[in-house]
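There are 4 protein chains.
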Amino acid sequence: MNGRVKVGIIGSQFEADIHAASFQMAPEEAEVVAVASPTPGHAEALAGRYGIPRVFTDYRQMLLEKDIGLVTIAAPNYLHARMTLDCARAGKHVVCEKPLSMTLEEADEMLEVCRREGVLLLYAEELFFTPKYVKAKEMAAQGAFGRVYLVKQSEKHFGPHSPWFWDVERSGGGVFMDMGCHGIAFCHWFLDRSSIRSVYCQMGTYVHRDKTQGEDDSLCILEFENGAVGLVENSWARRGGMDDRVEVHGEGGVTYANLHMGNALPTYSEYGYGYAVEKAPGTKGWSYPVFEELWNYGFPQEMRHFARCVRGKEEPAATGEDGRVVMEALYAGYASAARGGKINLPFRPRNVKKPIDLWLGNPSAG
Amino acid sequence: MNGRVKVGIIGSQFEADIHAASFQMAPEEAEVVAVASPTPGHAEALAGRYGIPRVFTDYRQMLLEKDIGLVTIAAPNYLHARMTLDCARAGKHVVCEKPLSMTLEEADEMLEVCRREGVLLLYAEELFFTPKYVKAKEMAAQGAFGRVYLVKQSEKHFGPHSPWFWDVERSGGGVFMDMGCHGIAFCHWFLDRSSIRSVYCQMGTYVHRDKTQGEDDSLCILEFENGAVGLVENSWARRGGMDDRVEVHGEGGVTYANLHMGNALPTYSEYGYGYAVEKAPGTKGWSYPVFEELWNYGFPQEMRHFARCVRGKEEPAATGEDGRVVMEALYAGYASAARGGKINLPFRPRNVKKPIDLWLGNPSAG
Amino acid sequence: MNGRVKVGIIGSQFEADIHAASFQMAPEEAEVVAVASPTPGHAEALAGRYGIPRVFTDYRQMLLEKDIGLVTIAAPNYLHARMTLDCARAGKHVVCEKPLSMTLEEADEMLEVCRREGVLLLYAEELFFTPKYVKAKEMAAQGAFGRVYLVKQSEKHFGPHSPWFWDVERSGGGVFMDMGCHGIAFCHWFLDRSSIRSVYCQMGTYVHRDKTQGEDDSLCILEFENGAVGLVENSWARRGGMDDRVEVHGEGGVTYANLHMGNALPTYSEYGYGYAVEKAPGTKGWSYPVFEELWNYGFPQEMRHFARCVRGKEEPAATGEDGRVVMEALYAGYASAARGGKINLPFRPRNVKKPIDLWLGNPSAG
Amino acid sequence: MNGRVKVGIIGSQFEADIHAASFQMAPEEAEVVAVASPTPGHAEALAGRYGIPRVFTDYRQMLLEKDIGLVTIAAPNYLHARMTLDCARAGKHVVCEKPLSMTLEEADEMLEVCRREGVLLLYAEELFFTPKYVKAKEMAAQGAFGRVYLVKQSEKHFGPHSPWFWDVERSGGGVFMDMGCHGIAFCHWFLDRSSIRSVYCQMGTYVHRDKTQGEDDSLCILEFENGAVGLVENSWARRGGMDDRVEVHGEGGVTYANLHMGNALPTYSEYGYGYAVEKAPGTKGWSYPVFEELWNYGFPQEMRHFARCVRGKEEPAATGEDGRVVMEALYAGYASAARGGKINLPFRPRNVKKPIDLWLGNPSAG
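Residue numbers (my numbering), protein chains in the order written: chain F, 1 to 366; chain U, 1 to 366; chain Y, 1 to 366; chain A, 1 to 366.
For reference, chain F alone in the conformation it holds in the complex (with noise of 0.2 Å):
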């Protein structure tokens, strides 16, 4: 591909408001030119913002425009694989949200669909490409903590900032779902790809049960076949703004990477200020605000990749097939959770509607 990667979006809200931002950061390799969503407004109010040319109210009327290279889909989970196959069976290639899907059969379908029509499964998991964990990456590679056998990733803030997340139909589960997915394929990535041999799990819902069926508070751990161990942290329980952290314990060394307080400004202001950091209570009192906050996750230097691997310039370091690894993860927590007992990989139950159904007793998994 010669000149830069023309991108469409589905999606107008949260994650779609990052992809059009983050592709803004990188102009010599993408331009997004496209943009989709059904409700009427939304779609023209991100376009709006970010000076998109082309509206779409149905993303297949998007996919029919000859020019656009990269598809990023931004839309609920439930809704993954069949964009994607749209995507794939028009041409585009595809930047996919995490989770991947809601289903294993879903994850292989998307996998297979996309290599038979020859273009690129992306998977959206921005801690690849957060600066602050690829810098701890980058030091275990180089030595640091000698051999790693414990890495450690907590995600945690106090709710989803859409509805559909509730909505386990939609969702696929709760804050193990919504972000567990990013700490398991942390530990997956950090450790070079080592194969995941289980999956423990303890979840509740604590919080938010007038709300959701789905867990607001999850602890994963997860054994790796190198001999290591993951440990994952969610909550949509945790008060206070978004935090993230990475540990990583090696026989040699240590680090703590904490993206959030750990960057902030440590703050106090008796009047308030304009934003502090995702999902914050508020900015009056002590508040820790971040700067540059996409920068700081990683998510324009993802896209910028993205593009690259488009235009042939980079080879994807985030795939379909990490996704489906997380996906087959999700499924083992749940169950997990369900059982109280680790489940082994690889795990394959039928029939299952959504992972966490494996937790809820849906008489349908097993």
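Derived by calculation from the structure, the hints in this document are not laboratory data.
No false leads were slipped in.
Heads up, the list lumps identical chains together, so a pair's fine if it works in one copy or across two of them.
Here are the simulated BS3-like pairs of lysine-lysine, each with C-alpha atoms no more than 25 Å apart in a straight line: (1) Lys137 / Lys279; (2) Lys137 / Lys284; (3) Lys66 / Lys6; (4) Lys6 / Lys313; (5) Lys353 / Lys211.
Place chains U, Y and A on chain F using the hints.
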């Protein structure tokens, strides 16, 4: 200007490397096409690292290249004025490293000639672009702190990276000249360029007397026209790696921005690893590695901005005038340290060869 | 009891030293009058450091001293039960170090005999007295966090101070036995002694396989009757000095208590200095020295409290019953790690010689 | 003196409460038997809280009590001298709160009379006992930092707890008088009482002009005989609760001691809780609660030490002479702020009624 700015760099060491790396991160705006350094092999080495096609030993030869629109000066302080004048007369826009010059006369001539020749004189004060500090300024503008009465900026390490800094004939002064210029510029900028009313300095040479006549530690108190005070602390005597901090105190709030230990990953390593932070003593034991150091300083943002200024897309946010304000405060600071009293501005002593003479008692000063 | 309690210490090493130092800080309540240790010279050394008048090589001789009212046991785990019984039968109140015993049978006998003999069985869990953690508990009681759903406690370093810890015959287990007992006790206490409903453990020997059969890293998830979850993390494989932390997560708030790096003075030293913190690797380079280490752990507060309990001025806040709860959870933890599933309590396997057998698969366990 | 010291307290507010609480923590050394305060009911309230048996409205009546050996003065600054003289003439040892007096003449008389009467004049500078700062001093003595060239101490909050502080007739000055005295004493003590050679001060009234003529923010640079520099920062204009910090910079190392945010438990609470820290604005949202505040300041350690001095068991570590050194530096600081130049010591202006007159330009000063 239609296409990307073509850039030539004068210099081949620490700062020149930062310039080259920073422009590479803004490929849509600028392209480094040439580098000039008198020491045999040095320019080649930099050119090799960054794929810069043209190499010169005499920067004046480089100035003959028609397509170069912008030249950055990363040479010892005593060369800034002469090089700037040469660039301007060759019709090149100029990015001059800090401090702007050795004397106020030089600064005035630089401003005058660049104005006359119709080229931009851009002042390489990266703190205006440091994202963490920019966030502090944004919060101030949003009223977070109410009226600000005290701004603090501190930059400390264990001594400069190039030998010429130790030689006051080439540098013009010690750590106050080298890094105090950052803090003065920062406070002035943070306070929306309120005029500096007076300067008081405490300085001494505590550690490096064998290497330099220059001060290796300084405290500087600035009074501003709007009633606020600045406290600028600098040291070449602080062990443990680079330290760069800001505090903002207002009647309605306060914020703390620690650029290095703040953003870092507290790390223990028995074996060591690649790189922790500028001027760190090592990577074994506890260390505070930073990530994406250039970006966190704001260098790529700064160079991108300068390229866009040359292309007429942005208005310069750091100019020769800023550099001249700093020069006057540097004069006042050295004079104040000598007299033990605050110096009121405007301050324009005559026959000053270099700022530190006002402290060292060089008879020519006064 | 009218005057100060006269105390005898069994042991002469690390913990015995802490006992002696701690009682010295409560001179109005207690006086250490005797120390017993079988190794020639050891008791004398401790006695010399603290001005303890009477020295014994056989603790049973010490128990004949009429005026001694309280005996503290700072001996290897496998001796706790026998010594406690001897003390009780001699009419002495007992402070027993953690963990309480090797087996539940021992624990039950200790409780029974002390009750029968009318002496107090005090359990040396200093975390109940650690002032930073006590503050967290006070805030919880004041409603700061609303309903608490997750309590975390972590204690990590690079391996124990005495060789007997490595020998599971004398210790009963690895790091989970050695320090997991702290975290279990802490969570139980923090949650107002809500019963433990189940235990899940992940453990492994990653670093010290040449020294021990015991696990050197463990993760433990506890479910409590009140619905809250405990996460206890322990390691003998964490470099860089002692690490002790607590987190409390409630639907209404969260707090983080870091005992060592939190309270410490971040310090860089080119030359080193006296002492940083327990098990620190050195004092050159960056280090995190703590101040008044014993006090910040709560040891003097604990021993003063125990002396006051003996004098009838306070009710015991850490008892043999607490120690027994921990023992049952330790059993369950080891069994859980072996089975890969959570163990529900009450859990009372028979013929257990030592807790770790439940993990190591000793055929006698079951 | 054989038994415990019997103590009388003059005052009933903030500081008097600290004295009473602190002595209670050293019951083997001291017993508070009396309190005197002129305001009806105040002394009774304090007596009630701490079980103090005797209550006086006129402290001179209290001085008639034969058994009282030590009197602490927790009254406004302008009363320190008169009360000290009265105590000394009644044969009582004296603990005088900071700053020692209003004038150098008073200080000299206090020293002289106490010497003549054979009583100790103990100066209540708790920073000499603050365990975190004591650790820094120990490390310095052990050579951690090599030769120290810069000591910084800072104490800031949003304004004093009692109205008399705002009235310069009763306090003698603003925040520099109130808290600068701590920083000056600290630097002097930290540098092994090297003489102060000069003082420079920057001060202003930024926030509380409606309440006081006194400065509410000050920066003070001290030069010491041994070549080191002190930087003392104080504010009554800093929001967000008490802030107390120390930095030590030596050619061989550096340490940072943050007393409040350093030791605290970073906490978010939706509902609030009992108490965070002195002068904190609230406990909802993010806060930094401290634990065992008195102990972490060193108050109980200080009062215990003073009681032991009276009993002849220890040599005074904080004396009237220390207080006099501080007084001279306070004079010099105010004079320096007025003149805009450093003041060399010894400095003994005549006819000074109160230190702040040297800044406010009271014609009687000079």
